Amino acid sequence: MELKTLLTSMVIIGFSAGLVSAQADATLAVEGEVISTSASAPAFAENLDTVYSGWRFRKLETRSLQLDDFDNPAFVFVDKGIDLFEKVDGTEGKACASCHEDVEDFAGLRPKMPRVEDGTLVTMENLVNECRTERMGAEPWKYSGGQMTAVTALIGLQSRGMSVNVAFDGDAAPFFERGQELYYQRVGQLDMSCSNCHEDNYGVMIRADHLSQGQINGFPTYRLKNAKLNSAHARFKGCMKNIRATPYKEGGDEFKALELYLAARGNGLSVETPSVRN
Amino acid sequence: MKKIFMITAVSVLSVTTAFADTAPSDVVFSDGAVMASLTTVSGDAAAGRDIFKNRKLGNCLACHMNDDMPKQQFHGEVGPPLTGVGGRWEEAELRGIVTNAKMMFEGTIMPGFYIDSGYERPLKKFDGKSILSAQQLEDVVAYLLTLKD
Numbered sequence: 001m002e003l004k005t006l007l008t009s010m011v012i013i014g015f016s017a018g019l020v021s022a023q024a025d026a027t028l029a030v031e032g033e034v035i036s037t038s039a040s041a042p043a044f045a046e047n048l049d050t051v052y053s054g055w056r057f058r059k060l061e062t063r064s065l066q067l068d069d070f071d072n073p074a075f076v077f078v079d080k081g082i083d084l085f086e087k088v089d090g091t092e093g094k095a096c097a098s099c100h101e102d103v104e105d106f107a108g109l110r111p112k113m114p115r116v117e118d119g120t121l122v123t124m125e126n127l128v129n130e131c132r133t134e135r136m137g138a139e140p141w142k143y144s145g146g147q148m149t150a151v152t153a154l155i156g157l158q159s160r161g162m163s164v165n166v167a168f169d170g171d172a173a174p175f176f177e178r179g180q181e182l183y184y185q186r187v188g189q190l191d192m193s194c195s196n197c198h199e200d201n202y203g204v205m206i207r208a209d210h211l212s213q214g215q216i217n218g219f220p221t222y223r224l225k226n227a228k229l230n231s232a233h234a235r236f237k238g239c240m241k242n243i244r245a246t247p248y249k250e251g252g253d254e255f256k257a258l259e260l261y262l263a264a265r266g267n268g269l270s271v272e273t274p275s276v277r278n
Numbered sequence: 001m002k003k004i005f006m007i008t009a010v011s012v013l014s015v016t017t018a019f020a021d022t023a024p025s026d027v028v029f030s031d032g033a034v035m036a037s038l039t040t041v042s043g044d045a046a047a048g049r050d051i052f053k054n055r056k057l058g059n060c061l062a063c064h065m066n067d068d069m070p071k072q073q074f075h076g077e078v079g080p081p082l083t084g085v086g087g088r089w090e091e092a093e094l095r096g097i098v099t100n101a102k103m104m105f106e107g108t109i110m111p112g113f114y115i116d117s118g119y120e121r122p123l124k125k126f127d128g129k130s131i132l133s134a135q136q137l138e139d140v141v142a143y144l145l146t147l148k149d
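First to last, the protein sequences are chains A and B. If you're matching positions, the first sequence starts at 1 in the working numbering and goes up one per residue. If you're matching positions, the second sequence starts at 1 in the working numbering and goes up one per residue.
Warning: the hint list may mix true and false statements.
[Said to hold, decoys possible] What the simulated footprint calls covered on chain A by chain B, stretch by stretch (three residues with Cβ under 8 angstroms from a Cβ of chain B suffice, anywhere in the stretch; the number is not a length):
1. 34-47
2. 186-196
[What the hints assert, rightly or not] A few chain A residues that don't get close to chain B, going by computed Cβ distances all over 12 angstroms:
3. 24
4. 29
5. 73
6. 80
7. 84
8. 118
9. 131
10. 134
11. 174
12. 200
13. 201
14. 209
15. 227
The hints are simulated quantities; they were obtained by calculation from the structure and are not laboratory data. Keep in mind that this is a model prediction, so the values were computed, not measured. Where a beta carbon is used, it is the ideal one built from N, C-alpha and C, also for glycine.
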């Protein structure tokens with residue numbers, strides 16, 4: 001009798017531990033401000049009820065690095081972004097700050113990226129490089145390079161805590177549909193799609209990694225693995241190489257479409273830029 | 001004299017059999033199982049155990065827990081635990097599952113370990129190649145058969 005009760009309670013504990021481990025049920029408060037790390041899934045994501053930030057799936061030590069900007073290793077790079085923002089470059093003798101007096105004016109931009117302009121899908125990186133080449137007479141920065149991620153992190157930070165809200169209808173619809181197609185397409189020698197891991201199996205361990213939904217609300221992301229900021233496209237590239245697939249080009253049409261689709265899957269999550277992951 | 005002749009014949013035979021592995025495209029499935037061994041050399045379970053955990057070879061541990069490997073720190077949970085799997089499936093079924101799991105489990109995430117075509121955009125160095133060789137596949141099957149409760 002006693003043994004039976006004991007066994008039953010063990011089973012219950014085991015079961016609920018299993019449930020909790022799917023994703024941490026914790027609150028992310030950065031610098032005291034609460035940031036929502038879950039939201040009800042958009043209707044088109046038929047196989048999901050709730051969307052979760054990747055933060056929820058990381059270990060406690062990794063999660064806690066994001067709670068305080070002094071602990072967050074990404075801020076070394078954000079500071080570099082501030083310097084770059086103020087640095088004169090190019091034939092016009094201008095810095096970003098010459099025209100964009102206050103970087104805080106970019107608040108509200110990150111949740112709406114990527115977006116369609118005159119029939120072209122445009123990412124944050126594209127906007128920055130457009131100003132460099134068209135308005136400063138400067139060389140474009142490398143798409144996922146250190147200068148670019150420093151500045152896109154600085155710009156993204158201005159919207160931290162705001163809800164992702166990209167448009168995926170109207171003239172964005174064809175890009176969204178292309179992104180959706182890529183998300184479900186199996187590729188590589190391992191013959192897997194993004195959905196195989198991030199939709200069908202989020203919440204479980206794949207060897208040492210706790211699979212998340214592969215959301216992009218925290219990009220650019222500081223990774224402990226390479227100790228630098230990573231663009232969303234660099235992350236897509238890494239996932240493709242892991243399944244032994246030839247990645248698409250960073251900044252190319254496929255990854256831009258995938259970015260729009262993933263951003264839309266995360267509509268309602270808060271911008272977490274710059275997030276910390278392993 | 002006769003004896004020497006026989007030895008030569010045997011060694012010739014074993015050289016040719018090394019090339020007689022069944023090619024990925026020639027593997028015959030029936031209900032997801034593969035009856036015939038893909039090689040003439042029987043599988044080496046100890047080698048199969050290494051392949052099971054090696055991240056660059058089987059990496060089966062990425063998705064499957066396995067109580068036979070308590071020293072390995074990380075066991076995946078994407079697929080069912082393989083503890084005791086040798087008692088649940090016949091040899092031919094295990095060979096079929098590891099060769100191309102999609103023949104047994106439609107739409108599965110589990111990769112086909114002995115297919116060399118039918119996948120898109122592989123990295124160049126893997127183009128036209130299978131993840132495991134025929135012998136490695138037989139080694140893994142031999143290892144799985146040792147996993148009995």
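Would you say residue 80 of chain A is clear of chain B, with no C-beta pair closer than or equal to 12 angstroms?
Answer for residue 80 of chain A: holds, closest chain B Cβ roughly 33 angstroms.
Check the non-interface label on residue 209 of chain A: least C-beta distance to chain B beyond 12 angstroms or not.
The assertion about residue 209 of chain A is violated, with a minimum of 8 angstroms to chain B.
Since residue 174 of chain A was said not to touch the interface, does its Cβ keep a gap of more than 12 angstroms from each Cβ of chain B?
holds, 22 angstroms
Far enough from chain B: is every CB of that chain over 12 angstroms from the CB of residue 84 of chain A?
holds, 34 angstroms
Exclusion check [residue 73 of chain A not at the chain B interface, CB over 12 angstroms]:
For residue 73 of chain A, whose nearest Cβ neighbour in chain B is about 24 angstroms away, the distance exceeds 12 angstroms, so it holds.
Decide, holds or violated, for the assertion that all CB atoms of chain B are farther than 12 angstroms from the CB of residue 227 of chain A.
holds, 22 angstroms
Outside-interface status for residue 29 of chain A - nearest CB in chain B farther than 12 angstroms
It holds; residue 29 of chain A is separated from chain B by about 30 angstroms at its closest Cβ, greater than 12 angstroms.
Does the claim that residue 201 of chain A lies outside the interface with chain B hold up, using a Cβ gap greater than 12 angstroms?
Residue 201 of chain A is in fact no farther than 12 angstroms from some Cβ atom of chain B, at 5 angstroms.
For the segment 186-196 of chain A, does the count of residues with a C-beta closer than 8 angstroms to a C-beta of chain B reach 3?
holds (count 8)
A cut-off of 12 angstroms on Cβ-Cβ distance, and residue 200 of chain A was said to be off the interface with chain B. Does that hold?
violated, 7 angstroms
Grab the minimum beta-carbon distance between residue 134 of chain A and chain B and tell me whether it stays above 12 angstroms.
Residue 134 of chain A clear of chain B: closest Cβ-Cβ about 34 angstroms, beyond 12 angstroms.
Mind checking, does the segment 34-47 of chain A have 3 or more residues with a CB under 8 angstroms from chain B?
Violated: only 0 residues of the segment 34-47 of chain A have a Cβ under 8 angstroms from chain B.
Hints 1, 12, 13 and 14, counting from the list given before, are not met by this structure.
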